[in-house]
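Enquirer: In order, the protein sequences belong to chains A and B.
In this text, residue positions in the first sequence follow my numbering: the first is 1, and each later residue adds one.
In this text, residue positions in the second sequence follow my numbering: the first is 1001, and each later residue adds one.
No lab work stands behind these hints: they were computed from the structure.
These numbers were taken from a predicted model, which means no experiment stands behind them.
Some clues are possibly wrong.
[What the hints assert, rightly or not] Pairs of lysine to any residue residues, derived as SDA-like cross-links and limited to a Cα-Cα distance of at most 25 Å, are as follows: (1) B:K1069 x A:R287; (2) B:K1172 x B:T1151; (3) A:K313 x B:K1111; (4) A:K179 x A:M194; (5) B:K1143 x B:K1069; (6) A:K191 x B:L1099; (7) B:K1062 x A:K383; (8) A:K313 x B:I1085; (9) A:K191 x B:I1046; (10) A:K383 x A:H308; (11) B:K1048 x A:K383; (12) B:K1111 x B:Y1078; (13) A:K316 x B:I1046; (14) B:K1069 x A:T86; (15) A:K316 x B:K1048; (16) A:K209 x A:E172; (17) B:K1048 x A:M122; (18) A:K313 x B:K1143; (19) A:K316 x B:K1111; (20) B:K1065 x B:T1159; (21) A:K406 x A:S517; (22) A:K313 x B:I1033; (23) A:K406 x A:N195; (24) B:K1065 x A:L254; (25) A:K464 x A:Y40; (26) B:K1004 x B:L1099; (27) B:K1093 x B:K1172; (28) A:K337 x A:L254; (29) B:K1172 x A:M122; (30) A:K326 x A:P127; (31) B:K1144 x B:L1099; (32) A:K208 x A:M122; (33) A:K191 x B:K1069; (34) A:K199 x B:K1065; (35) A:K191 x B:R1165.
Spelled out, the chains give:
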Amino acid sequence: MKTRKVSGSEAVILSLLEEGVDTIFGYPGGAIMPIYDLLYDYQDKINHILTRHEQGAAHAAQGYARVTGRVGVCMVTSGPGATNLTTGLADAMLDSTPIICISGQVISGLLGTDAFQETDVMGFSMPITKWNIQITKAEDIPEMMARAFFIATTGRPGPVMIDITKDAQFAEFDFSYEKCRDVRSYVPRPKLNMNYVEKAAELINNAKKPLALVGQGVILSGAEKEMLAFIEKAEIPAAWTLLGNSAMPTDHPLNVGMLGMHGNYGPNIKTNESDLLIALGMRFDDRVTGNVKTYGTQAKVVHFEIDHSEVNKIVKADVAVIADIKETFEAILPLIKKNKHEEWLNQFKNAYQYEYEKVIQQDIYPEKEGLTMGEVIRIINEKMKGEAILVTDVGQHQMIANRYFKFNNSRSLVTSGGLGTMGFGLPAAFGAQTGQPDKTVVAVIGDGGFQMTVQELGTIWQNKAPVKIVLLNNNFLGMVRQWQQMFFDKRYSSTELTNPDFITIAKGFGITGTTVSRRDDLEGAIAEMFKHEGPYLLEVKVEKEDNVFPMVTAGASVSDIRLE
Amino acid sequence: MEEKEFTITAFSENSIGLLNRITIIFTRRGLNIESLTVSESAIHGIFKFTIVIRTNQILIEKVVKQIEKIVDVLRAYYLCQDEIIFQEIALYKVPTKALTQSTEIEGLVRKYNARILEVTSGYTVIEKTGHKDETQQLFDDMKKFGVLQFTRSGRVAITKATKERLSAYLEKLDTEKLRVRI
Ligand SMILES: Cc1ncc(C[n+]2csc(CCOP(=O)(O)OP(=O)(O)O)c2C)c(N)n1
Ligand SMILES: [Mg+2]
């Protein structure tokens, strides 16, 4: 193996190049300056994007990772630089997003002494990373970087934090790189057990009312085609979790909609009528199950899952296949009998019809004067025809966008599911656009969350990222206001916002925009936004006190889903 | 569900901070660790954690899976009381005067199968291995002589199965290729 004498800083960059990284998001500072200095020499190979806040760098890396399937990388300085990543790390941990965060650290001799900008990076990042490591010797850099990439991307993906002391960045050593292929104590792909595949097939073949629950695991495994082949062969209706959205095309005849709190009526009530729930790379989050005690108790449960610790964690599985789900689909397909569940499928169609009349119609074709979030999404669908990438923030607009946005392609939805991070949307949309420069990225954001990371408009402008920002302004922290209305006697404690002039703010960052408050102007404004070449802010003033329905209220059973 | 005592054994690489990663799993669920011992296992370079915990069957399964999921943990098991043989060690420091003035302490040492480790003109150190209730009993019996210091270790445990489970696992890793290499 050929070696070359380099500094620790250069070793970091060479390692990134060995792993095929060409984009990183970050923010410099004292303890990481040696690496930034080297980045200056490598500008033609690595595009470092300066965000306006480290949280923005982390979310951008997440957005990048989610739409590309590659690792998102960010780089920050010690102390506050590192602590500003916490929300992004925690988000990536819950949503299984492969990101690698590199932080500079005080020189090793000062570790533990409360030196300037020293913080216990290992300590604080431990519960919110899949793996973390502190490097104090330059010669450890290549091996640990290789290991970080291996761990972040394999098995159930997740965030990795690498903390490198400043002396290790300066020290020189002989560099050579070898990709990591194995870590003794880590089993990323458990061996598939054919016995359980056979047992699962038997349950599936005998089920009269099977329901597939599609999670992000299907996307992370790249098993979308195999999943479709599986559900099509047995004609199984398939519903998706928030993060499973876009795994199958919206218009697929077996796609019966979203699960959970603000999901569709059919999949929620049918969960409690089904005789077999087939969980596909999902983890029965409480937003999906509602009250677990009354969740699908009549049904048998088959669980396909790569993460052993998710099996039986919330819902007990009758049969579990612990393996990469793509392999599981490949193994089970030949054992699945061609089947028809026409009558069962019809029940979902009827449930949808019922929900359409009760909820959807007035959401997307409202007759009242005020604009609705639903009609905005409907018109976006009419323009984009399922080809756009949707990035959302957190709140009512997130639920409405996920309910109504149409997708033709997988990896087209980026949202903060597990952590529900307000402020995620704008930087994640920037990251998504960076990863997919040729696609249209639509960022649907609320007026509250927009103001949490609004500074990233600067990043968007500086990098000419043509993100289409759709700000659904209801002048409220809408989702919290809805709960106050329903469960706290309409006592609107600290949820109404006195908002700035968003268009002027965008203009200050160099971004064009327009505000719409009348239905007659809406379609034209949306068309204008998509016609515009660069980034664009479309603010839609929507009804202030609209609620999101259906809703499985906290502690209620999925079968008690409310339509009003 | 019924609470009982479980002994968790976890085998890991020797990496910094791992103890923290393991204890976080208990802290998050508000579980109290009764005792904890860490030392190198029979296999060089692999460390063994022995953790005693009172909880129920359902929770112990989940917790052990979460421990095993930690990248640097090779394997984690939980065992019930009847599946293991275990000991703790306790040290007692008493004034030597108490020993010379009567034969009672000597009697206790015999009765409890304890032993005397060190005698100086000022103090005497007594050692007893056994289960917690036994080391406690001896402590209670010696209290009246004025125990100057008393300390008890965490648990060490060995399974009743003939072979250490980890070696079986490591063998299986090699022969059955339990992990699919990427
Ligand atoms: C960082 C953070 N703080 C608080 C919350 C709690 N929260 C959830 S939704 C929501 C309201 C969001 O308001 P807005 O961004 O205007 O979206 P809307 O619900 O009105 O569409 C709040 C405060 C959160 N999810 N994240
Ligand atoms: Mg709002």
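Enquirer: Look at each hint and say if it fits the structure.
Expert: Each hint, compared with the structure:
In summary, the hint linking B:K1069 to A:R287 is supported, as the alpha carbons are separated by about 24 Å, within the 25 Å threshold. Between the alpha carbons of B:K1172 and B:T1151 the distance comes to roughly 40 Å, so the proposed pair goes past 25 Å and is violated. Restraint check: the Cα-Cα separation between A:K313 and B:K1111 comes to about 48 Å, which exceeds 25 Å; the hinted pair is violated. Annotation: proposed proximity of A:K179 to A:M194 is violated, straight-line Cα distance about 31 Å (limit 25 Å).
Straight-line distance between C-alpha atoms of B:K1143 and B:K1069 comes to about 45 Å, which puts the hinted pair past the 25 Å bound. For the given pair, A:K191 sits about 63 Å from B:L1099 by alpha-carbon distance, which is inconsistent with the 25 Å threshold. The straight-line distance between the Cα atoms of B:K1062 and A:K383 is roughly 47 Å, outside the 25 Å bound, and the hint therefore fails. This hinted pair does not check out: A:K313 and B:I1085 have alpha carbons roughly 30 Å apart, beyond 25 Å.
For the hint pairing A:K191 with B:I1046, the CA-to-CA distance comes to about 23 Å; that is within 25 Å, so the pair holds. Distance check on the hinted pair: A:K383 and A:H308 sit about 42 Å apart at the alpha-carbon level, beyond 25 Å; violated. Distance check on the hinted pair: B:K1048 and A:K383 sit about 60 Å apart at the alpha-carbon level, beyond 25 Å; violated. Taken as a hint, the B:K1111 and B:Y1078 pair is broken in the structure, with Cα atoms around 33 Å apart against an allowance of 25 Å.
In summary, the hint linking A:K316 to B:I1046 is not supported, as the alpha carbons are separated by about 33 Å, beyond the 25 Å threshold. A C-alpha spacing of about 21 Å is found between B:K1069 and A:T86, which places the hinted pair at or below 25 Å, so the restraint holds. With a CA separation close to 30 Å, the supplied pair A:K316 and B:K1048 exceeds the 25 Å bound. For the suggested pair A:K209 and A:E172, the alpha carbons sit about 64 Å apart, so the restraint of at most 25 Å is broken.
Proposed proximity of B:K1048 and A:M122 is supported: the alpha carbons are some 22 Å apart, at most 25 Å. The suggested pairing of A:K313 with B:K1143 is violated, with an alpha-carbon distance near 47 Å, which exceeds 25 Å. Between the alpha carbons of A:K316 and B:K1111 the distance comes to roughly 51 Å, so the proposed pair goes past 25 Å and is violated. Only pairs whose Cα atoms come within 25 Å are accepted, and B:K1065 paired with B:T1159 is accepted, the gap being roughly 19 Å.
Distance restraint check for A:K406 and A:S517: the Cα-Cα separation of roughly 24 Å lies within the 25 Å cut-off, and the hinted pair is therefore satisfied. Taken as a hint, the A:K313 and B:I1033 pair is honoured in the structure, with Cα atoms around 21 Å apart against an allowance of 25 Å. At roughly 38 Å between alpha-carbon atoms, A:K406 and A:N195 are farther apart than 25 Å, so this suggested pair is violated. The hinted pair formed by B:K1065 and A:L254 fails the criterion: a straight-line CA distance of about 34 Å is larger than 25 Å.
Between A:K464 and A:Y40 the CA atoms are separated by roughly 21 Å; this keeps the pair inside 25 Å, and the hint holds. Straight-line distance between C-alpha atoms of B:K1004 and B:L1099 comes to about 39 Å, which puts the hinted pair past the 25 Å bound. For a cut-off of 25 Å, the pair hint linking B:K1093 to B:K1172 is broken: about 47 Å separates their Cα positions. Of the pairs offered as hints, the one joining A:K337 and A:L254 holds, with about 17 Å between alpha carbons and a cut-off of 25 Å not exceeded.
With a C-alpha separation of about 33 Å, the suggested pair B:K1172 and A:M122 falls outside the 25 Å cut-off, and the hint is violated. Pair hint A:K326 plus A:P127 does not hold up; C-alpha atoms about 29 Å apart against a cutoff of 25 Å. Between the alpha carbons of B:K1144 and B:L1099 the distance comes to roughly 12 Å, so the proposed pair stays at or under 25 Å and holds. Simply put, A:K208 and A:M122 have alpha-carbon atoms about 51 Å apart, too far for the 25 Å limit, and the pair is violated.
Taking the CA atoms of A:K191 and B:K1069, the gap is about 15 Å. The hint holds against a cut of 25 Å. At roughly 23 Å between alpha-carbon atoms, A:K199 and B:K1065 fall within 25 Å of each other, so this suggested pair holds. A threshold of 25 Å between alpha carbons decides the hint, and for A:K191 with B:R1165 the separation of about 19 Å falls inside it, so the pair holds.
Violated hints, listed in ascending order, are 2, 3, 4, 5, 6, 7, 8, 10, 11, 12, 13, 15, 16, 18, 19, 23, 24, 26, 27, 29, 30, 32; each of the other numbered hints is respected by the structure.
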